[in-house]
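Protein chains in written order, with numbering that gives the first Met the number 0: chain A, 0 to 414; chain B, 0 to 361.
Hints in this document: simulated from the structure, not taken from any laboratory.
Predicted model only: the values in this text are computed from it and were never measured.
Do not take every clue at face value.
To be verified - Straight-line distance between alpha carbons at most 20 Å, and here's what the computed EDC-like set of lysine to aspartate or glutamate pairs gives:
| no. | chain 1 | residue 1 | chain 2 | residue 2 |
| --- | --- | --- | --- | --- |
| 1 | A | K93 | B | D35 |
| 2 | A | K116 | B | D170 |
| 3 | A | K116 | B | D259 |
Each chain is listed here by its residues.
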Amino acid sequence: MFGFVKKTLAVTAIMSLAGPAMAQETIKMGSLATLEGAFTVLGEDGMRGVRMALEEFGYMAGGKKIELITGSSDASPDSAIRATRKLVEQDGVKVLIGPLSGSEGLAVKDYSKTQPKVTFLNGSSAAQDTTLRSPSENFFRFSTEGAQWMAGLGEYVYKTKGYRSVAVLAEDYSFPYTQVFGFLEPFCRLGGKAPQDARFWVPIGNKDYSSVIAALPDDVDAIYVALGGADAVNFLTQYEQSGGDLPLIGGSITVDQTVLGSKGKTRRSVIGTPSAGPVSDTWDDARWSNFVAAYKKQFPKGFPSPSLFAHSYYVNTKAALLALDKVKGDLSDGGNKFRAALSSLEFETPTGMVKLDERRQAIADIFLTEVIEGPDGNLMNKTIKVIPQVNQTLGVSYEKFLKYGKVGRENPSCS
Amino acid sequence: MDTRALFSGSTSLSNIHPAIIVTAVFLLAYPSFASDFFIFQIGAYSLILGTIALSLMMLAGYGGMVSLAQLTAAGMAGYLVAILGENSVGVMGLGWPWWLTVVSAVLGAAIFSAFVGAISVRTEGIYTIMITLAIAVAFFYFVRQNYVLFNGFTGFAGVEPPTLFGVYWRDPTPFYYLSLVIAGGFVWAVFYASRSTFGLSLQAIRDNPRRMRALGYNVTLHRVAAYFFSGLIAGTAGVLLVWFNGRISPGSVGVDVVIDILVIAVVGGMRHPVGPFLGAIAFVLLENFAIDLIDRERFNTVIGIAFLLVVLFSPDGLLGIWNRIRSKIRFGRSGQQGASRRTGDDRQSAESSDNVKTQEEV
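Could you put together the complete structure from these sequences and hints?
Structure follows, in structure tokens:
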């Protein structure tokens, strides 16, 4: 009656067959994005960014061939860690690009501390603490994060639009916290108000906003909305239908192409909505338009214009490739030279120059935009202003910035 | 197996099949030749998932109660470890000593499981599944929206096992042995319990609750007790799981993971405590390596098809496939020498086809 145990043997024998493989003349590069779950579409666009950068270099860097190995997560930190561990410990990648979302980024940063010989570059995750508090020596982020993305928006709506008091509606997790913080911090410093009882936090994937809309106060000048994808579309539709007429202020992924491209007459209400982020669809600059043209050529089935996920993954992958070129693909010292090259790297991206601060966080240009109706009736973001070289501490010293406290639902208090 | 062993639940050393010894030696020697990745992420993780699925197998296989809240009980234990012990998030983290934390977490999970049982045992079949699924989903949404205790969407990170006897228990090899001892212990315990008076009455209740009630057994109490014991198993595995991941968040107790546990138990086979571990090994291997077999956009399809094939061709899981192959080989060989063994096996397979039938009725 113990015969079934032989089955265990058979399976465990198969387990032991596979072992770690080593590369000689190729460099193994891993890439981790959300290829399953709610963020699949975004993850696929991130992967497009990786492949664009590799294509640009002909899959060669520093005279060595680059072998790309992909990993997938479902946006939960657990799955991101499992996929990362597999790429690093089983496939033996020396350079890893990823992950996509905020909480995953925090988890991968923690994991990177246990693998000092592997170099991690961020994908598009944009939580603040990935690089701000207890950063990891071998985790680099050449893309900007959620609070940086809001640079200039607070001043703009206070000074130009004349708003003095706003309500806040955002999803309830680390990335929107970072965005709300980045928007409110300068806004409140100038004297703006965002009362605690006018801040609404909804779970990701919320479908029904009627209770939130009913509870929105009348005595505010505008609503700051930090929702993404389908959540943003649902809110905008329902707000329009319920006759809401307060002006809106958008988070970085609230009025981007994925939302503006949606069908329906709800779109009237978003015209004039100011927003800010790391990319601007209509930036009139050769670097950006060349990037868009290359994207469209390589991926005819992709988005009409590369999303910020493709952009972030592209920038981080390109940084890795440039640094590999610099060290002639030599990772034999556990990647020390490579990481030194990354730290001092400064290069031209489709959205301007990028360089790192001492915690390996990008300093880059941010775009202040406003939704307009294009000549063919399509809605698009018009670039109002480029805020040059925004750093993570938003202009103040590191010590002073830490005193602002961790991002969260009640920070800044603004009262 | 003779009648005495059957009813006393005792097994003497000479009764142990050689295959068990070979497997035990293999499992013990495994870390000496496998890479860290295979020890930790494949080996230890399979053992943990297998243990959670074992708690489901015990309820479903012996009690006829398919509970989808087993992972939730494990998640409850994981959350309790983060809340009562230490974490790096700055929410809760009461800093209790590790042994008190672990004991409270496991007991908490067992009580939670007994509570789930108390709610659901008066139902049968699909209604049990519905109720336990509802509890699992409610728990998921509750921890996602509660910030005071469970820290909402972010959950807890920086949950570490203690450093004991100079060993850091999250290093691959120590953690593997820890998981192996716990998994092995529970397999033995479930196997032993299935031959004990309690286990036998539970199986009798599964087959005919009305007759058992007429005989004077307290059917409800038996079932709730089974839930309590399965909660102990799931809770212990939950503690290991939170140490394994170092973190826990609502995503760890989401509906998809709840279903994964059911898939593991069904694919492995519900008839014997070893089944869930076979299922877990298959699941973990596929989860890790399917992406290398095929285009990255399609790898979840491979996983789905593999499980579909197993269930299609062997309704009693991987265990059933093996049993079938074995009996084929034996019939091919023919001859009389194996006759006595065969009768033994036939009795067992008759017994197990009864099990299958009961489950189908369920």
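Exercise. Please write out, lowest number first, the hints stated earlier that are contradicted by the structure.
Key: Per hint list: single violation, 3.
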